[in-house]
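Counting from 1, position 377 in the sequence shown corresponds to residue 393 in the working numbering; the numbering is continuous, with no gaps.
Calculated from the structure, these hints are not laboratory results. Glycine included, each C-beta is placed from N, C-alpha and C at the ideal position. The reader is advised that the hints may include incorrect statements.
Said to hold, decoys possible - Derived lysine-lysine pairs resembling DSSO-like cross-links, with alpha carbons at most 27 Å apart:
hint	residue 1	residue 2
1	561	507
2	288	253
3	501	487
4	501	536
5	581	536
6	255	288
7	561	428
8	349	330
What the hints assert, rightly or not - Using C-beta positions, here's what the derived DEER-type ranges look like:
hint	residue 1	residue 2	range
9	563	655	20 to 30 Å
10	365	255	22 to 32 Å
11	647	176	48 to 58 Å
12	180	232	13 to 23 Å
13	415	488	33 to 43 Å
14	261	190	35 to 45 Å
15	189	520	41 to 51 Å
16	424	505	24 to 34 Å
17	497	232	30 to 40 Å
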Amino acid sequence: MSNRGKYRGKYRLESDNYDDGGNRYSQHDDRTGPIKRGRGGRGRSHRGGGRSSGGGYRGNSHRSDSGYRGNRGGRYNNNRGRGQGRGSYSRYNNAQDDYNQEDEDGDVNMDGGDSKPTRFNPYARPNRRGTKNRSDSNNKPHQHQRQENWYQITIVEGEHIDEGWLHQELQTVNMIQYQPVQYHFDGRNASFFLNDRTAAEAIRNCTKKLTSPNGEKITIIMRPSIYPPLTETQITKIKEVLSRRFDATTHHLDCTSFALDQELRGERILVKLSDASHLYVVTKIIRDHISSLTSLDLSNNRIVRLQGLSQLTKYTPNLKILNLSKNLVKHVKEFEAMRHCDLSELTLDQNPMCSYYQSQAEYINDIREYFPNVLKLDGQTLPPPVKFDVENEALPVSLPNFLPAHGLEVIKNFIETYFKCFDTSRSNLSEAYHENALFTLSMPTSPRGPPLRNYFELSRNLKTIKKATLKYSTIASTQKNVIAKLEKIPKTTHHFDSFCIDVPLVTSSIVHFVVRGTFKEGGQYGNIRSFSRSFMCQVAESSLKIINEQFLIRNPVASELAEAKKSKPLPKPTPTPTPAPAPVPSGSKPPNHMQMIAAFSTESGMNLMFSEQCLAENGWNYQNAGQKFLELKEQGLIPPEAFVK
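Make a model of the complete structure from these sequences and hints.
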């Protein structure tokens, strides 16, 4: 006899069953009652049988709609095996009971429900149109019952993208008008709400089509919003509740268990501080109306991310005490968003992150990495932090231009004339270069943003070029080769408003200056690039001659890109056969002035450039200039470089 025959007509209990209040359960089965095996029977090659209500035939081709794992077979209900025996237990598919319904954040749903439980059939034939029970259909809101359909738009890595720039770009590309609601940050992402499905889908279709100011493609995600954004009436009610919870004498705000506030629940307003949009509303109210805050209690609010508190701590400089206990903060790195907050007391107990530390010293060190002045942590007084008496010296203010008082107009005229010709006809720049001039162009190896492929073969980057022959071939020498290499660079339109000029060296024979700024490639829709060009020029009799130039091209950062869009390009000059060389002091004056400059330089000991400046400031009166020179020399106001020839 087979092993199966030993158990025919008998009850077999699982060895791992356990008892709970009179009901027996199996660790592999969540149904109540012992597992039953029916007797085998005879019939038309059908399996099972027995005297259960499931029938006595083996292997009918249909599953039972209400069958329990008991006797196999069944002819009365067209069941295929495992019908329901007499007196057997059943269970209900009521997994979403009113007292146990939770939303996606794990919060209990208090709305309740009136759906009736339905029998669960684990071995029924699956419904090709999807399983649906009466509980789900009764609880699911119908489309026609919704007054508004709200959609949440998420900009991935949109923390550093300007809100005004983003909306302007989206409206320009889609040629639609929309009204964003509650623009806020969720971690490193930016989000806002729309109640227009057409606009939301149009914005979603722009994903990977827009380029951020940092040069990266923007990823956009659209999804239906679980909770609609708070209305103005609800926000006004939240202001009243916050006002009631604020203690003006101690400047303490109690936001403990804010979602369970009885006054808000009475108005059927659910404010979950674990939701980034709701936290944004609350922090904005605090920022605008309670900026004198010194103590804040946010305990028991299921908060996971602290990015939403970054804006709050920026506008509450007096905040010293913060309670974040009984939340869901998982890592100490979440406090990076609050690093600038000078806290003296912090409470974090009953957060998941606290269980990761095995020693109290490591826990304290990690917290003080973000809040070095904290003296009380989780209710325990800490020893004062060890600090060194180091003076905080402020860096000097960075000025956009460094230009000497003398020779300023000469250098500016040369730069303006050079870049006008560079944008129009580069072949005319031959007069600006020395016969033995050297020129190199370089670019970063891993540029962010639009690719710089047009400059690869021209670039001289010693980190990437290994062959010695290529190292020398990327250097353009002689006037002819320099012009030939300049003509290979794509057409440009420089933004003169973005120029910054530094002049580190000026002598009677050599002038060194550096020009930084932005330009646009090609036509109207060309990419914007940032550049830095270092010119070493020789002072000739009637002009400046470039003897060495280093040209660096890269993609602009966000601030440079914003300024470039505001600036206006240089006006196109009237074509001339050659660029007008920049005049120098010795060659652009009448003969009598040239003689006065030479004589004044000989008597005073100053170089020609400072001699010209002294004579010009005194109306080319030789005696007045000499007297002024003696006065300034006695006062020590003449710079040393004035005597360098």
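*asked:* Could you work out which of the previously given hints the structure breaks and list their numbers from low to high?
replied: Nothing - there is no hint that the structure violates, so all of them hold.
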